[in-house]
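Chain by chain, the residues:
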Amino acid sequence: MTKRQLGKWLMGMGLLSALAIVSPDVLIPGREGGFGPSQQAALFSAIAIFLIGVSLLPLGDDPA
Amino acid sequence: MIPLKQNPVWRYGRWLLFALAASLLLSQLLVLGAYSANLIAFPFDYDQGEGYELEAARYLSKFQLPYQDVDSYPYYGSHYPPLFHILLAPWVWLFGTAYWYGRALSLICTLLTALAIGYAVLRDSGHRGVATLAALAFLASNTVYHQAPLFRHHPLMVLLETLAVVSLATAPGNVVMLPGRRLALSFALVIAAGYTKQLALFTAMAIGVYLFLRAPRRAGRWVLGGALAGVAIFAAFYLLSGGEWWRQIIVSNANQPGIVHAWRLARLWLRVHGWLIAPAALLVCFELYFARLSLYSLWFVFAAFFGGISSGGWGAGDNYYMTAIAAACILSGIFAARTLEAGWVFPTRGYGRAISRLAPLVRTCRGPLTMLPAVLYLGYVLTVLHIPTDAPGFRQLAQLLGHEANVLPRRPFYDGARTALGHYPPGYSNIGHFTTDEDIRAGWQIVEWLRRTEGPVISEDAGFAIRAGKPVITQPPLLWNLAERGHFDSAALIAQLATQEFGAVVLRAPFFPSDVEAAIYAHYETVAEIPMNGFYYRILEPRDS
Chain A
1 MTKRQLGKWL
11 MGMGLLSALA
21 IVSPDVLIPG
31 REGGFGPSQQ
41 AALFSAIAIF
51 LIGVSLLPLG
61 DDPA
Chain B
1 MIPLKQNPVW
11 RYGRWLLFAL
21 AASLLLSQLL
31 VLGAYSANLI
41 AFPFDYDQGE
51 GYELEAARYL
61 SKFQLPYQDV
71 DSYPYYGSHY
81 PPLFHILLAP
91 WVWLFGTAYW
101 YGRALSLICT
111 LLTALAIGYA
121 VLRDSGHRGV
131 ATLAALAFLA
141 SNTVYHQAPL
151 FRHHPLMVLL
161 ETLAVVSLAT
171 APGNVVMLPG
181 RRLALSFALV
191 IAAGYTKQLA
201 LFTAMAIGVY
211 LFLRAPRRAG
221 RWVLGGALAG
231 VAIFAAFYLL
241 SGGEWWRQII
251 VSNANQPGIV
261 HAWRLARLWL
271 RVHGWLIAPA
281 ALLVCFELYF
291 ARLSLYSLWF
301 VFAAFFGGIS
311 SGGWGAGDNY
321 YMTAIAAACI
331 LSGIFAARTL
341 EAGWVFPTRG
351 YGRAISRLAP
361 LVRTCRGPLT
371 MLPAVLYLGY
381 VLTVLHIPTD
391 APGFRQLAQL
401 LGHEANVLPR
411 RPFYDGARTA
421 LGHYPPGYSN
431 IGHFTTDEDI
441 RAGWQIVEWL
451 RRTEGPVISE
461 DAGFAIRAGK
471 PVITQPPLLW
481 NLAERGHFDS
491 AALIAQLATQ
501 EFGAVVLRAP
511 FFPSDVEAAI
521 YAHYETVAEI
531 PMNGFYYRIL
541 EPRDS
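Residue numbers (the working numbering), protein chains in the order written: chain A, 1 to 64; chain B, 1 to 545.
The set of hints was computed from the structure by calculation and includes no laboratory data. C-beta atoms are modelled at their ideal positions from N, C-alpha and C, and glycine is treated no differently. Zero decoy hints are in this set.
Covered stretches of chain B (in silico footprint by chain A; criterion: 3 or more residues with CB under 8 Å from a CB of chain A, positions within the stretch not fixed):
| # | region |
| --- | --- |
| 1 | 211-224 |
| 2 | 254-262 |
| 3 | 286-297 |
To give an idea of the chain A side of the interface with chain B (calculated C-beta under 7 Å), a few residues:
| # | residue |
| --- | --- |
| 4 | 41 |
| 5 | 59 |
| 6 | 63 |
| 7 | 64 |
Here are a few chain A residues that sit away from chain B, every Cβ distance over 12 Å (derived from the structure):
| # | residue |
| --- | --- |
| 8 | 18 |
| 9 | 27 |
| 10 | 47 |
Build the full structure now, drawing on both the sequences and the hints.
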């Protein structure tokens, strides 16, 4: 696997994770509990994984 | 011009700092030895749950699974997979039920883990001195110190994980050409780790990802094969236990991670182990952007991230970071060796081009940079320092460093992970102090009380019942976890409490489900309170009706 491929994988994982984390509050507005600290921490992690993936794209075909 | 590395100022300064760090790390090894000897001689539970692990070994010594039906008498079961207890079963045959051999096994596992860490650093760097410091750094960690000599399964899990990772990482050649038996060894070790404690799943994930990065097709076959082997063992235990295996190993451990709890423990881990975590993280970044990701880096990331999240669950604690600490010791050791030997090679393309512009500055600072590894180890050991404040030699060291005893209960022991007032976040193991003759006398006082009691007894620390020759009844944290998930029927236990069929109940925390606890207080009353090892053990006997 190359750095670019790994970057794309991480971007995909980060994006899917972020969607999964926010979707309960989007699909069920005003649900009990709201957007709590666990979701915030998870969303922060998902964004960080996405950004790390982006940063790997310029490294091209270097082996991961 | 004298090469900077050989400049006497930096050379002697480096040696002095290394000598100081090594001396202090060796002192921590001595403290670990003294603590282990103290615990191995202690005949009762020291940490909550040790007695239940001894009971699991006793079940297996009789060729019975410890995963009994907890809804009926004796309401006993086990949270954990059985490998640690299987290894101890022969010792039960030979020596009866005792704590010393389980504690000795845990200590040996911890020492072997340290050796594996040292070997990993030595294989990567060829630097014997740094490899030794990396191994000692693992043993100096407060978390490792607490866990090392306990009658608990965790050190065995960490040993098996470390061996699984190191055996694969140190294999010659690339993963595509690796002999199948080397892969099989690594997989067997990580499966064995998983059947010691479920947390080893995170190491298995790291190994799987590493194989996918290096050899995707081969990884697919081996990960599938490893998963099938693990599932086959799981299915066998499920069938043999009549389904109790699933309830006790999976359902009872499916805790909702508490984010606040996890965050506080993460902050403590970063504060106490930061001197190792920083170089480890830098090496991970280096491999991510300038080289190939090693198995050690992936292991560190998975263990720290997922272990940290899991540490927020009820009953979890700082020991969930023990695997990440092992990985950090390896990575920081490799970092230290490369810094000493000027072994950092940046590519001349990508982000490496920007870094290469810093090369003249780095060459200028070469001398001070070679001091960095010694500073890291010295800073680390001064942060994690834990010493008895009344022992010869250590008393003087504590005075020299301005440390006073800070553990609660009040014992002559200083623990660098606690605040000056002895505080620590929930989940940090409140252990590490030495037991006393007074603790042993108090323990035998409780045992004698139970021996004089007619009928079975419920003891929250199972060791008292075991010593009194009574059956072990209940496993409170397991029952609590199952009750929280609606998987424990307390009717039979409450009925027996209501008819006062137990001669006595010995409580510490208590950890029972709330309805069981209410039944205990409704039908039993406190008749004695005996302090032992910093806790107050309440003895309750049936109320007069």
